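First to last, the sequence lines map onto chains R and V. The first sequence: position 9 = 9 (the numbering used here), numbered continuously. The second sequence: position 47 = 47 (the numbering used here), numbered continuously.
No lab work stands behind these hints, which were simulated from the structure alone. Misleading hints may appear alongside valid ones.
What the hints assert, rightly or not - To spell it out: a stretch of chain V is covered by chain R in this simulated footprint if at least three of its residues, at any positions, have a beta carbon under 8 angstroms from a beta carbon of chain R; those stretches are:
hint, segment
1, 72–82
2, 95–104
3, 132–141
This structure is a prediction, so every number in the text was calculated from the model and none was measured. For every residue, glycine included, the Cβ atom is placed at its ideal position computed from N, Cα and C.
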Amino acid sequence: MNWGEILQYALFAGSVAAMTTGLVFVLAGAIGVIRLPDFYTRMHAAGVTDTLGAELITLGLILQAQDWQTVAKLLLVGLLVFLTSPTSSHAIANAAHRAGHKPRLSRFHPPHPGEAGKASGEGR
Amino acid sequence: MFYGVSLTAILVALWLTLSGSYTLSGDYPIVMGLGVISIVIAVALTFRMRIVDRETVPVAPAPALFGYWSWLGGEIVKANLAVTRLVMKPEIDIEPRLVRVPAEQRSGLGLCVFANSITLTPGTVTVDIEDDGFLVHALDGSFTDPAGFAEMGARSDIASDGRRKEVK
Chain R
1 MNWGEILQYA LFAGSVAAMT TGLVFVLAGA IGVIRLPDFY TRMHAAGVTD TLGAELITLG
61 LILQAQDWQT VAKLLLVGLL VFLTSPTSSH AIANAAHRAG HKPRLSRFHP PHPGEAGKAS
121 GEGR
Chain V
1 MFYGVSLTAI LVALWLTLSG SYTLSGDYPI VMGLGVISIV IAVALTFRMR IVDRETVPVA
61 PAPALFGYWS WLGGEIVKAN LAVTRLVMKP EIDIEPRLVR VPAEQRSGLG LCVFANSITL
121 TPGTVTVDIE DDGFLVHALD GSFTDPAGFA EMGARSDIAS DGRRKEVK
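Please put together the full structure from these sequences, using the hints given.
Right under this line is the structure:
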């Protein structure tokens, strides 16, 4: 094993680690979209998927790229996501606000999932 | 004129990066020719629309903006971990808020960068833009720290418009 091979393996390990972490954040965003109560709060959970999930997966792909051109293209993709995802989030939120959709501003504290359904017979 | 030259240079670099061809042999004259044609059309159209200015070709603040984005990246990671922790807990306990964040940016570019930074950080979304600030929806009271917003606003202002004394 020479240094070149060791570098290859290290890059591959880093790539797998970055993509796995990104997938965890994408999954967290999906779970948040299901669990949170209303439109605005769900958008925050989707933001986790947009930012750290997408960027970490792009980083993992960059570490696997074989030539500089692929690296440059993936960097452009990352920059594009970085610039466009807040714009679209704001467009959606602003549209809901202008349409008169009121956010829920009270405390949201449902019972523990293990105890839900026992007492009242319904979840959430 | 400076912005026109910068825009052309950026477009040429982008075309060369995406096509990956630098010589004029083989099939490459077609690729290069199409590149020249499309760049000329794009630059001519932007000039005809009169939108070539400091905001559409932000070459001057670009280095400062990249520095600001690397700071913002750290904030995004922190906020991501906080939101993930809130969401994955067995018992969700949140109290959503609507807050007004004052914005004292000097240009439209600065306002845009600040509002997008707030939206990009999970847990806070810019809902509306008012005369002297933003209406921000936060997932929980813990995301509405005024000092944090103030620091982000000051940094984005410096990154997009330079230091305070250099106002033109």
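Results for each hint:
1. 72–82: This one holds; 3 residues, not fewer than the three required, reach chain R with a Cβ under 8 angstroms.
2. 95–104: Contact hint for the segment 95–104 of chain V vs chain R: holds, 4 residues under 8 angstroms.
3. 132–141: holds (count 3)
In the structure shown, no violation is registered for any of the earlier numbered hints.
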